[in-house]
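Colleague: Line by line, the protein sequences are chains A and B.
The opening residue of the first sequence carries number 25 in the working numbering; numbering runs sequentially from there.
The opening residue of the second sequence carries number 25 in the working numbering; numbering runs sequentially from there.
Honestly, the hints are just simulated from the structure, not real lab data.
A portion of the hints provided could be inaccurate.
Where chains are identical, the list cannot tell them apart; a pair therefore holds if satisfied intra-copy or between any two copies.
Taking lysine to aspartate or glutamate pairs in the EDC-like style, the calculated list, with each CA pair at most 20 angstroms apart, reads [claimed, not checked]:
id	residue 1	residue 2
1	Lys26	Asp149
2	Lys185	Asp200
3	Lys26	Glu193
4	Lys169	Glu114
5	Lys174	Glu64
6	Lys198	Asp181
7	Lys109	Asp146
8	Lys174	Glu193
9	Lys35	Glu193
Number of protein chains: 2
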Amino acid sequence: MKLQRVLQYTKALLADTVVAGDSVVDATAGNGHDTAFLAELVGSKGHVYAFDVQQQAVEATKLRLAENQLDKQATVILDGHQNVKKYVSEPIKAAIFNLGYLPGSEHSIVTKPGTTIEAVSDLLDLLHVGGMIILVVYHGHEGGKDERDKLLAYVSDLPQKYVHVLRYEFINQKNDPPFIIALEKMKDLP
Amino acid sequence: MKLQRVLQYTKALLADTVVAGDSVVDATAGNGHDTAFLAELVGSKGHVYAFDVQQQAVEATKLRLAENQLDKQATVILDGHQNVKKYVSEPIKAAIFNLGYLPGSEHSIVTKPGTTIEAVSDLLDLLHVGGMIILVVYHGHEGGKDERDKLLAYVSDLPQKYVHVLRYEFINQKNDPPFIIALEKMKDLP
């Protein structure tokens, strides 16, 4: 047994939650790694909606999907995740966020607390009971701690009858490594 | 998929870490539930060393072991876990703590930060590389928050090259539910 590292645990939660035919959301497409991973999980009868505000990320994600013959089961959308309900109306089984900046790009374009929380709230509405939203919280960059703290305040206040909120964090590591917030929907929210 | 609750995740970590023939420690025998669970995991060729400072707990644990024909593979010791090295000299694969008071007893007898940390430190020495120490941190009682904070300060300072320290906590629950600190030994400490 090993304690699963943050990215490994994230993938394990997604793989255990998502089955073929599901609709899911990648709220921060980035370089498309999670989009492609999700597209494999949902298969040709499911669908991934991937969002990113950067053209560079949208192109990288489309390329990765095409290279892996996964482009038919995914839509890559150049828009912020706070607009998810403009594009997605069916129930979703899972959503994933990687908060922070696009790896390999300039660090000035980052996720922001207001839009992140708006997106989580809308995704909780869209989520199946038993579905899961996973946030990988990078907080070492400028503004990262503010986003982390506002997000933690928001999720800590979600009613436990409706949502279980887990924090999974290695607490003796230097350099602000990412941690996980996982939300499991137990009941439809009032 | 469901997010594993605290006690379920504790058992899963123990079950994935401990194999037949191992030596392990139950640092807080209490009513003997974990002692019996560990005794089943280590089997007739392994051994559980269970500690408790209360006669009532030692008796309850011995009774539970006997009722389940597990008494040959366990030693129940009426002493504090900070004295573990008086009784255990062989390498151990895992240790479990339930911090706080004995369920069903008076709440004045509780684990204390100094002796808890002393025990964790000694158990880290005794632990196999790849082995795990799991602390289920109850902190709702008087003194519980002090123990929690001192313990968190201690484990957060353990060098990450040698020990991975995971905090696993549901953060939107009322009434101070317990959370987990899991320590995985990666290398022998200097």
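Colleague: None of the hints should be skipped; say for each whether it holds.
Modeller: Hints, one by one, checked against the model:
1. Lys26 to Asp149: Answer is between: at 18 angstroms across copies they meet the 20 angstroms cutoff, but 35 angstroms inside does not.
2. Lys185 to Asp200: For Lys185 and Asp200, the Cα distance is within 20 angstroms only across copies (16 angstroms; inside one copy 31 angstroms).
3. Lys26 to Glu193: both (14 angstroms within a copy, 18 angstroms between copies)
4. Lys169 to Glu114: Neither: 33 angstroms inside a chain and 44 angstroms across chains, both beyond 20 angstroms.
5. Lys174 to Glu64: Cα proximity of Lys174 and Glu64: none, with 33 angstroms in one copy and 45 angstroms across.
6. Lys198 to Asp181: The answer is between: 10 angstroms across copies meets 20 angstroms, while 28 angstroms in one copy does not.
7. Lys109 to Asp146: within (7 angstroms within a copy, 54 angstroms between copies)
8. Lys174 to Glu193: both (17 angstroms within a copy, 18 angstroms between copies)
9. Lys35 to Glu193: both (15 angstroms within a copy, 19 angstroms between copies)
Hints 4 and 5 from the list above are not met by this structure, while the remaining hints are.
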